[in-house]
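Undergrad: One letter stands for each residue in the lines below.
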Amino acid sequence: MVNKIKVKNLSCYYNKQCVLNSLNINILQHEILSIIGPANSGKTTFLRTLNRMNDLNVNYSRKGEIYLDNNNIFFMNMESLRKRIGMLFEMPIPLPMSIYDNIVYAPKLLNIVSNKSDQDAMVEKVLKNVSLWNEVKDRLNSSAMKISGGQQQRLCIARILAINPEVILFDEPCSGLDPISTAKVEESMIRLKQKYTIVLVTNNVKQASRVSDKTAFFLMGKLIEINETGKLFISPQKKQTGDYITGRFG
Amino acid sequence: MKKTKNTIIEIIIFMCGTLSVIFVVSIFIFLLKESLGFFREYNILKFITGRNWYPDSNEPSFGIFPMVIGSFLVTFGACIIAVPIGVMAALYISEIAPKYVHDILKFLVELMATIPSVVIGLIGMCTIVPFVKNFFNIPTGLTAFSGSIMLAFMVMPTIVTISEDAIHSVPWKYREGALALGATKWQAIRRIVLKEARPGIIAAIMLGIGRLIGETMAVMMITGNSASIPKSIFSPVRTMTATIAAEMGEVVKCDIHYKALFAVGLVLFIITFIVNFIADFFLGKNK
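Which chain is which? The protein sequence lines are A and B, in order. Per the numbering used here, the very first residue in the first sequence carries number 1; after that it's consecutive. Per the numbering used here, the very first residue in the second sequence carries number 1; after that it's consecutive.
By construction, these hints were calculated from the structure, which means they are not laboratory data. One thing to keep in mind: the hints can contain errors.
Said to hold, decoys possible - Okay, derived cross-link-like pairs now, SDA-like style, lysine to any residue, Cα gap no bigger than 20 Å in a straight line:
no., chain 1, residue 1, chain 2, residue 2
1, B, K99, A, N57
2, B, K99, A, D55
3, B, K185, A, R52
4, A, K108, B, K185
5, B, K99, A, N59
6, B, K173, A, E79
7, A, K108, B, Q187
Unchecked claim - Pulled from the structure, derived: some chain A residues nowhere near chain B, Cβ distances all over 10 Å:
no., residue
8, Y67
9, P179
10, Y196
11, K239
We treat Cβ as the ideally placed atom computed from N, Cα and C, and that holds for glycine.
Modelling step: build the complete structure from the supplied sequences, incorporating the hints.
TA: This is the structure we're talking about:
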């Protein structure tokens, strides 16, 4: 397996306060890495650093390097980086337009599709990929704000698939969803693994154990432990990890 | 004791609340009463479509058509100048400017709104009017065009502040959503932010127009006050507001001329009412 993302000595700060402390992680291609840890452990900061969303925050600063296929992402053009590393947010963010337009919005900007029939085909393909096609195929032109939260979240995944990224970041994608919607999103994630590399930040320890190949445990801005999910959950090496996954704190 | 105090305060607040409504309604009734008196003596169609405003001749005629055209011409010209600049400025202040620039600009724009219109008129008279006269080489600089420029300055703060509020209230997450898909900042602004803020921006423009139509002092000083149908934007015009302001002091009370001015006021009132109604409609849509 090849390393898709290499993180070297990454430290992140908000207003000079350190929230991530010299982090080193390698993420393999086509694996799901889940990151667990209590609030304020730096999980989301790490994720938002990976596609440089945090660069929009004026209080944010960082040190260290991240390589995507051996290219330093901090020297890359931000838009093309975000095309390669898609991100799904905690709350579904459908753009205020129709379901159809939500999906073709980015491909049109990036000139991935041009004619209408290609667009139609793409919309159908990505919606089928997230098992949403049957639910919305009759109302593609109605507003994306009107479908349910779970459907919105899957639409957002479909939207990311439409730009065909290499890595997809999930930031607590199921925290606002009911168990059935959660199961559907997890199902899509496992299916997506064949083609994409996935990093999942979750507050739900069980979710991490269900879907991921590898799990990392963050605490107070430090990586405490990273291992294959099976091993980490059965025999954690550090006491804090064990305490967290068995629910003694956090 | 506590209860009576409560009731008294409630009554006072209720009275203050209804008072403003009573004022507006009684102004409207007053306008209507005087205007109806006028329309009994003068045909309403002739009033609206008439091309001559000769209130003092032996056979007086009260045609406000040239004034309506004058008002619209000046307003329209001011909009063409102020809307693009105002909306762009709002975009810059809200989306692009760093925090401290944002604060300074917002303060300055709001300060600009407090300049009295007579001062704007005065400045216009000694700067814009001679400039227009020399630059376009026309007999007088007192034209609809000069009025439009000055009014554009006046209305800019309204458009900028309200548009800025509308743009600012577009949830941050929409920008993030678009950016995370690889959109550039400008693409996110154009397709998402501007689209979402559109009702608010339209409301800002409508409120601006409402203010423009009702503006009196500056237009009276700059537009030349000629009550004839203007040939172009470079001709002198006279607005409805300027007519009322200029002639009200010279009429005999309860004379037909006096009532005619109230009828002009009624027309103005109806126009601004419609414009504000549209603005309210769009503002409501934004929420």
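Undergrad: Hints first: check each against the structure and report whether it holds.
TA: Verification of the supplied hints:
Taking the CA atoms of K99/B and N57/A, the gap is near 12 Å; set against the 20 Å cutoff, the hint holds. Between K99/B and D55/A, the direct Cα distance comes to roughly 16 Å. Compliance with the 20 Å bound is thereby established for this hinted pair. With a C-alpha separation of about 14 Å, the suggested pairing of K185/B with R52/A holds against the 20 Å cut-off. At roughly 15 Å between alpha-carbon atoms, K108/A and K185/B fall within 20 Å of each other, so this suggested pair holds.
Restraint check for K99/B and N59/A: the C-alpha separation of about 12 Å stays at or below 20 Å, so the hint holds. The suggested pairing of K173/B with E79/A holds, with an alpha-carbon distance near 17 Å, which does not exceed 20 Å. Using a Cα cut-off of 20 Å, the hinted pair K108/A and Q187/B holds, with the two alpha carbons roughly 11 Å apart. The Cβ of Y67/A sits about 20 Å from the closest Cβ of chain B, beyond the 10 Å cut-off, so the non-interface label holds.
With a cut of 10 Å on Cβ distances, P179/A stays outside the contact zone with chain B, its closest approach being about 25 Å. Separation of Y196/A from chain B is adequate, the least Cβ-Cβ distance of about 15 Å exceeding the 10 Å criterion. For K239/A, the requirement that its beta carbon stay farther than 10 Å from each beta carbon of chain B is met, with the minimum near 37 Å.
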